[in-house]
Amino acid sequence: MKNLKKALGVVLTVAMAASAVAAVPAMAEEKTAADYKIAVVPKMTSIAWFQRMEEGVNAYNEETGADVFYGGSSEGADQASYLESLLAEDWDAICVVPFDSEAIAPILEKAKDQGITVITHEAASMDASVRDYDVEAFQNAAYGENFMEELGELTGGTGKYIQFVGALTSVSHNEWCDAAQALQEEKFPEMECLGRYETGDDATSSYNQTKELLQSNPDIVAIEGSASTDILGAAQAVEELGLSGKVAIVGTSMASICGDYVQNGTVYSFSVWDPAEAGKAMIDLAVASLNGTVEDTMALTADGYETIENVDGDGVFYGSARVDVTADNLADYDF
Amino acid sequence: MKKGKRNSMLTSTQMILLYVIIVFCIIVGLRQPAFFSVATVINIARAAIFSACFALCEMIVIISGGIDVSFPAIGCVAMYVPMYLIDKGMGSQSAWFCFGVAILIGLGFGLFNSILIAVLDIPPLIATLATSSIASGGAVTIFGSHDYTSLPEGLQKIYNTNLITYVDPNTGFSYVLNILVLVPIIASIIVAFLLKRTMLGRGLYAIGGAKHAARVAGLNVRGLQFFAYIFSGAFTGLTAMIYTTLMKSARISALMGDEMIIIAACVIGGVRITGGHGTVSGTLLGVLLITLVQNSLNMLGIPTSWQRFVVGIIILLGTILTSWQTKRSLKAEKA
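Protein sequences, first through last, are from chains E and A. Using my numbering, the first residue of the first sequence is number 1, and each one after it goes up by one. Using my numbering, the first residue of the second sequence is number 1, and each one after it goes up by one.
Pulled out of the complex, with its shape left as it was, chain E reads as follows (with noise of 0.2 Å):
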């Protein structure tokens, strides 16, 4: 029976090659989304960060006539059983924001072992075995240079930061926070770097943190954040001292979390990427990667990703999805 199977699929498999050959030819046109079964799963289905990725899938499947699924556990804790619930279909692709990538590796691998194609994103570090390509909204140190760029502007180049990140072992929020350090250095030499100070992604903390800092240095002119709660416990912190646009606040965070700073001018932009395109550009980098068209410098149709590149070879892409939120925007990126 197991036998039997394995050979009705190697007739289908073959059959299916030979028909994409002989199609290919002669419609000379590139099998779209449409044509294949792919399954987006976010890390959790309850926040509104993930709420957002669906609207971008449903309005991919609109703008597109296929139909690709979108579902995944409320909890990120499930993930991977839900992953592996998802493998009893014939998936052509499934495409994944990984929570805990431990936990998944092994069932990537196993939907890898059925042939299926498997795209990854914010996953830059996880092993490339278990994948086949990874998508990243932008390079981590052109993110970071950013917020350094915006503060500098916006301090007229001189004057005492400080940076918070959630945790001084994450990767990311250290990288961009050493980007921006670098650039600050050689652009703005007349600026400071007090410190970078940990705030565990508690509001709390950074609230804090910052009255503290501030009173025992009163001549800080900017901040710059990196977890999402970073600045909104920063900017709590520089209104109620009265210093609202004395000091510049900058960093990543989401409107839902601090929409109300960025209107009252508190918070002058946060940055983001827009979890809706990310969706998008996954699903683009599946149908490339089954067409096998993928190339080292490609396009997608994504906002963001209209140039992806494949940086160190590895299989993992970086676009160029940074959004810088300000109060004009802010209507546009609500989630």
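Derived by calculation from the structure, the hints in this document are not laboratory data. Please read all numbers here as calculations on a predicted model, not as lab measurements. All C-beta atoms, glycine included, are put in the ideal place defined by N, C-alpha and C. Mixed in with the good hints, there may be bad ones.
Sample of chain A residues facing chain E (criterion: CB under 8 Å; computed from the structure) [what the hints assert, rightly or not]:
no., residue
1, ALA39
2, SER133
3, GLY144
4, SER145
5, HIS146
6, SER174
7, VAL176
8, ASN220
9, MET247
10, MET299
11, SER305
Rough simulated footprint, nothing fancy, chain E against chain A, three-plus residues with beta-carbon under 8 Å [claimed, not checked]:
no., region
12, 23-37
13, 147-153
14, 289-298
Among the chain A residues that face chain E by a calculated CB cut under 10 Å, a handful are [what the hints assert, rightly or not]:
no., residue
15, THR40
16, ARG46
17, VAL140
18, THR304
19, GLN325
Using the hints, position chain A against chain E.
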């Protein structure tokens, strides 16, 4: 006799803690002259509001011979649910509604804890660990995990009501102390009176010191345990809503992980982890020391990477001092 009493006053747990706090302040002040300012008093008082309230809850439970590691989870549910209801159009914008629902939720979980511990006789650590898991897990599943960062009208009014506004003459920064600082102050007075002057309070000490002896002596052990956990739960709910008001946010995981530092504050303050001993003044000093340390390490110039280490050392030293103190007083009792 008189001399002996004065001696023991000068070497009581509270006095020793006070010496440590004074020495610590002098060190910080020498390092950073800006520390000696009204601003510090306001900042520390503001930062200690939640910790002081939570420590009072924990103290009562520990004195009664138990332990409660569920208050962060209970607090998270208590702050989240009212905001969720308002967001879904099922609640009112008034502060009465927010605080009322929060206190009721806290009370409910407190009742749950006391049934597990007093009726089913489950060890308090395990029982409250289970409650914690049930509360946070259940809440995320039912209500999702949104970030609420705008206050309803009633809470915004409280947020805008300050008891003290101090403008630093040197920097022009304004330091505000919210009216809610009165809650831990009033609660401390009530709890101190309750423990010292009422049969209920004496009963809590008695069941914490020797449960069986207390039962033989005719005390209602079960009733007293119910009181300890229900009071703690309800007050936790109240404190959680204070947190939401002051931090202008409600998150389903905002307080998680706070239990250890609060238990440490109690123990440093001379609350015996085995039950039957502890005072409000000692606990408040324990909270003050921990809050001071947490909020002045940046001023001291201790690098972020060392800060958790230093907090650990101070907790250890504080606990050694008080346990040494306990041993001494036990000896004195025997003599």
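Evaluated hints:
no. : hint    : in the structure
1   : ALA39   : 5 Å, holds
2   : SER133  : 12 Å, violated
3   : GLY144  : 4 Å, holds
4   : SER145  : 5 Å, holds
5   : HIS146  : 6 Å, holds
6   : SER174  : 4 Å, holds
7   : VAL176  : 6 Å, holds
8   : ASN220  : 39 Å, violated
9   : MET247  : 6 Å, holds
10  : MET299  : 5 Å, holds
11  : SER305  : 6 Å, holds
12  : 23-37   : holds (count 4)
13  : 147-153 : holds (count 3)
14  : 289-298 : holds (count 4)
15  : THR40   : 7 Å, holds
16  : ARG46   : 8 Å, holds
17  : VAL140  : 6 Å, holds
18  : THR304  : 5 Å, holds
19  : GLN325  : 30 Å, violated
When the structure is compared with the earlier hints, violations turn up for hints 2, 8 and 19 and for no others.
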